[in-house]
Amino acid sequence: MLALQILVDGFAVSALYGVGAVGFTLIFGVSGVLNLSHGAIMVVAAVTAWATAGGLGFGRYGGAAAGVVAGFVLSFATYLLVVRPIQGSKAIPREEKEIFVLTGTLLWGIMIQEAIAYCFSNTPKTVLPLAPGVMNILGVRTPVNEVLTAVVSWVAIGLLWLLVNRTRGGKALLAASMNPRGLTLLGFEMTSIHRKVWAIYGVLAGIAGVLLGAFLGVSSDNIGTLTASAFSIVVLGGLGSIWGSLLAAYVVGYLETLTAYLVAPSVRTVPVLLLLVLVVYLRPQGLLGRR
Amino acid sequence: MLKSRNFWLAIIALIVLYLLPLGVSGYVLGLLTVAYYYAVAAMAWDLLFGFAGEVNFGPSFLVGLGAYTAAMLNHYAGTPIWLCLIAGAAAAVVGGVVLAVPALRLRGPYFGLVTLVAVLLLQNMIVLFSGLTGGEIGLDIPEVLSIDDHTNYWYALGFMTISGGLLWGLSKSSAGLILQASGQDATEAAALGFNVAKHKLAAFCISALFSGLAGGMLVFYLGTVSVGTVVDIAIGVQFIIAAVLGGRRTILGAAIGSIFLIVAGEILRPLGELSTFVVSAVALLVILFFPGGFLGALRPRGQG
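If you read the sequences in order, they're chains G and P. Position 103, counted from 1, in the first sequence is what numbering that gives the first Met the number 0 calls 102; the numbers after and before it change by one each time, with no gaps. Position 136, counted from 1, in the second sequence is what numbering that gives the first Met the number 0 calls 135; the numbers after and before it change by one each time, with no gaps.
Next comes chain P alone, as it looks inside the complex:
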């Protein structure tokens, strides 16, 4: 029942989002465009955390790898955008495998630290080789997806719909169920004859693939890449908050959370510096009182 209800909610929401460009300004569309790219990264994170049970503090490691690979290829070699995106996704998958190796051996907090360190190392490397990467200032990219707000909006919304659909379908498939079982009790899942290592490795690769693509797309929308927009820990924290806020283990919740965070940040802009404070406070209250997030709060009582 939950399954069908969430599904129909998502369809209705998508119809609204697809009709949105008829009624709102280019500025709002621009905001939502960023929110959709964030949403894909947050959904990819939810696949790892909600289903595979891996506490990944460094989603921005995967996003950043994809973003910088795509950006540098375009900046130095003039590679066409689609090829840059594929290369970025491939680089992120390699990063995902690098993270998966310790994840299969380490418990929660230790693995969490490895992912945190991965982000810090990537950040340090970018600053260290600033001649190549643009360092703290960032790198500008000669090509962008489009300069038209509407076109960019369609790209982002289409990308989010397809990625979300694929991730959601995967999470509902038998492979998703096995993954969920491995995340909750790896020993029991293995005892039932499932290959836990294989499923987790696949989850890392898929999560990395979508994170890397989201990073690449974001870069070609913004026209620039910098540590502050795709690698910084604060960015990764935003994906995590979005996924937990929307409702973990739902995939769709991560998208709702991302859009909420961006829109709330914008509505609270008049508060100036306090807007982040208010958003964090709201997120903390949701976690304390509705641990299931937005989608969990909709769920009828006595279930789950």
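Just chain G, same shape as in the assembly:
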């Protein structure tokens, strides 16, 4: 019984982690950016969904849609206002761009965090679940919302797969992550590819944020932890590898759920952190990473 409970809960949490981390890894793979405002973008999506669904009367679906749009808009703003100016700056030496992008997005994330805390306070908020009620899976009573979280996450990941593998524009993204110079030689504009990947990232972060808000609830105080956990999942799976991130999301999701049920919820992140240190020491490229 407990085993089944862990199996079901872990699956939903892992799917959610997966959709949150996939966008993060995509951005890194294609444009080499580690976006440390990731958690902030997710929380903005969730808070927007919460505020519009309840206060503005958009209803649960309207609110969710508004949340995804907010994630999309904010991701573009991050790219245009923070990342692109740093990448294009002549005053920053090329080998230091990376640390500047990291510091810049970190500061941007803190600004967003403070803005949310100021406008909506930092109390935890739970987004209206997309579907109410409880259902029975293999004898485990599971909220319908939890099932929906897993389903929506996997649909989003599936659509991303189709986009990347079956469309011309998507294949260009994949190519950009492998060899940007070759792609430029074929006549593709790198800036338009970067814009595209930030757009996709924004939608994915928005979906992840809304689902997270409905499933676990969010607070502006979680932003740092959210970014750190996406970062960990992505490094565990191998920076830039989408399948690696998904695999890592499941490893992390199940490890946390197991710890929470079998040991104590307060130490749920400790085994993950230890595993992470171990993997980074023994296999720095991550589970499925390329060198």
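If you're looking for bench data, these hints aren't it; they were derived computationally from the structure. Note that CB positions come from ideal geometry on N, CA and C, so glycine has one too. Hints are not guaranteed to be accurate.
Computed Cβ-Cβ distance ranges for the label pairs, DEER-style [what the hints assert, rightly or not]:
#, chain 1, residue 1, chain 2, residue 2, range
1, G, Ser120, P, Gly164, 20 to 30 angstroms
2, G, Ala2, P, Leu191, 58 to 68 angstroms
3, G, Gly132, P, Gly227, 38 to 48 angstroms
Use these hints to put chain P onto chain G, whose structure you have.
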């Protein structure tokens, strides 16, 4: 030229800081005392990042190790303060070596994550063993450096002057130059016959030593130690922002940045919760438009 100008600026600034207690209230002195301890941690971070080229996201790991070791020794064993400080610094150096081992093998983002994880693990351990460490609430310390504002101010300013002088001198020495070369192009530095691993390891130990001491001193000034004041990632981020804001690879810039952050936070206090927002926005603008930081903006054009 830059060297001498920064040096004289620092001397003038220090004279002003040393004369300050004649004219300002104890409250301002208290603020600056904290700023000076932060400054040492930020300067130690700059030695690792600016010179050794190691992206350390967890300066508060080293600071926290020093702070908690010193605090727990004093709390449980009643060890004299100076011995606690030495023990704290030693613990931080051990932590520095632990970080140095992966740093010599891993590239930028991977090492960055290890340091981030180090902070999170330390934080979790402190909360997990809350019976011993006081957990989230923290631990109070029976002894403090002094209860007098002025005395505390002198301790902190003296500590910052000595640490800053040593770190700055080191960065200008031949060892500092080799370190800088290893940070920018490890292969070439090794090809020129320098022992990159040895220099980087030394940089980690020295950075950890000063971070740990700063943590210990801070704890004996505050009279309490808690995750929120010395370990939390937000604290580490503050050191990083201070160093980048003041101008990386200058050591002195880190001190200027720390004092600026604390003073700006205080001036903006009437804005309430928005003060952090404004400080972060200013820092972001500086990074976007003056990537060299405060000291870099002073530098004549066409240099560096």
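Range agreement (Cβ of P/Leu191 with Cβ of G/Ala2, hint 58 to 68 angstroms): holds, 60 angstroms
Looking only at beta-carbon atoms, does the pair G/Gly132, P/Gly227 fall within the given range of 38 to 48 angstroms? The hinted range 38 to 48 angstroms holds for G/Gly132 and P/Gly227, with Cβ atoms some 40 angstroms apart.
Quick check on a hinted range of 20 to 30 angstroms for G/Ser120 and P/Gly164, using CB atoms only. violated, 45 angstroms
Hint compliance for this structure: hint 1 alone is broken.
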